[in-house]
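A.B. asks: Based on the provided sequences and hints, a complete structural model is requested.
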Amino acid sequence: MAATLPAFPPVGAESPKVTLVIGSGSVKCAAALGVYKALTDAGIGVERVVGCSAGAVFAALIAFGHTMDDARSKTVQLWTRELTGQRNTIGVLRALAPRLFGFKAAEFSLRDDRLLLQRLRAGFGDRRIEDAGMPLHLTATDFATGELVELASGSLVEGIRASLALPLAFAPQRVGERLLVDGYLSDPLPVSVAMKHGARVIVAVGFENPYQERVDSAGRFAFQLSAILANNLLRAKLAFHSAAHHSEMIIILPEFRQRVRLFDTSKLAYIIEEGEQAALQQLPYLHRLLAEGRQYAAA
Numbered sequence: 003m004a005a006t007l008p009a010f011p012p013v014g015a016e017s018p019k020v021t022l023v024i025g026s027g028s029v030k031c032a033a034a035l036g037v038y039k040a041l042t043d044a045g046i047g048v049e050r051v052v053g054c055s056a057g058a059v060f061a062a063l064i065a066f067g068h069t070m071d072d073a074r075s076k077t078v079q080l081w082t083r084e085l086t087g088q089r090n091t092i093g094v095l096r097a098l099a100p101r102l103f104g105f106k107a108a109e110f111s112l113r114d115d116r117l118l119l120q121r122l123r124a125g126f127g128d129r130r131i132e133d134a135g136m137p138l139h140l141t142a143t144d145f146a147t148g149e150l151v152e153l154a155s156g157s158l159v160e161g162i163r164a165s166l167a168l169p170l171a172f173a174p175q176r177v178g179e180r181l182l183v184d185g186y187l188s189d190p191l192p193v194s195v196a197m198k199h200g201a202r203v204i205v206a207v208g209f210e211n212p213y214q215e216r217v218d219s220a221g222r223f224a225f226q227l228s229a230i231l232a233n234n235l236l237r238a239k240l241a242f243h244s245a246a247h248h249s250e251m252i253i254i255l256p257e258f259r260q261r262v263r264l265f266d267t268s269k270l271a272y273i274i275e276e277g278e279q280a281a282l283q284q285l286p287y288l289h290r291l292l293a294e295g296r297q298y299a300a301a
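For the sequence shown, the positions run 3 to 301 when the working numbering is used.
A couple of the hints might just be wrong.
Here are the in silico distance ranges between beta carbons for each label pair [to be verified]:
#1 D43 to L119: 30 to 40 Å
#2 P100 to R290: 56 to 66 Å
#3 A220 to P286: 39 to 49 Å
#4 A99 to D43: 34 to 44 Å
#5 T69 to R89: 29 to 39 Å
#6 P100 to V217: 18 to 28 Å
No more than 27 Å apart at the CA atoms, straight line, and that leaves these computed lysine-lysine pairs for DSS-like [to be verified]:
#7 K269 to K106
#8 K198 to K239
#9 K76 to K269
#10 K198 to K19
Hints listed in this document are in silico derivations from the structure and should not be mistaken for laboratory results. What you are looking at is a predicted structure, and each value in this text was computed from that prediction instead of being measured. We put the beta carbon where it would ideally sit given N, CA and C, even for glycine.
C.D. replies: So, in structure tokens, the structure goes:
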């Protein structure tokens, strides 16, 4: 049994603060909990959090003030292989014979999402995004235009479900007038949202998606395509931000020595620890950035 993880320590109201961005990356996104712990242990608060795809789950857990133990428990309950194990038979038939069964983009998926919705509702209830203890932003992608969509209000479950709408696997999620799909399709590490809201110092936690060891089903085929797209887009975005020389941005890419698969919640304690250690390596530079900001504000 994994050791009990400590609760997040309190951070004073006058503490220096950063914006935390959590990118897509399946269960690896739990490393953001370790990053958050390292920040709060060091007396650094988070004033705003942005989450994309699976990162939306952990952004919500942080923004709504869940303890480390509770966040770990909810992750284990939510993130299991059964999420993608329920085949959507009518979806498969519509793909094979669209004229016979009627193809509707808004409803098409290879997997049934009822279990996902059930677990999201059990974990988050009827909360609204705007009711979080700090500004919370979830990102998705407009299916019609490919544009990044920022969700900062409305149903929390709907927002997370939209951000998690993995192409082919799950059907798009309708939010208002828009049909939304997984946030990673527009930006797997959406630091642009933090910049838009005037963040001076950004801590961005990104991940590469694991490739399939074998591709022997339509579901695995979809996951492999998604991993290729997400990883290439992430590298392109990181190259852009590096070229732009955003000195106020710290990008944390945890390096996992152990292979972490899509649903490896048995390695949750290890994933969180790797996130914490990756953040600790960046703390000296982060402290300098925050100190420079305080000196600039006082001048």
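A.B. asks: Please list, smallest to largest, the hint numbers that this structure does not respect.
C.D. replies: Structure breaks hints 4 and 7.
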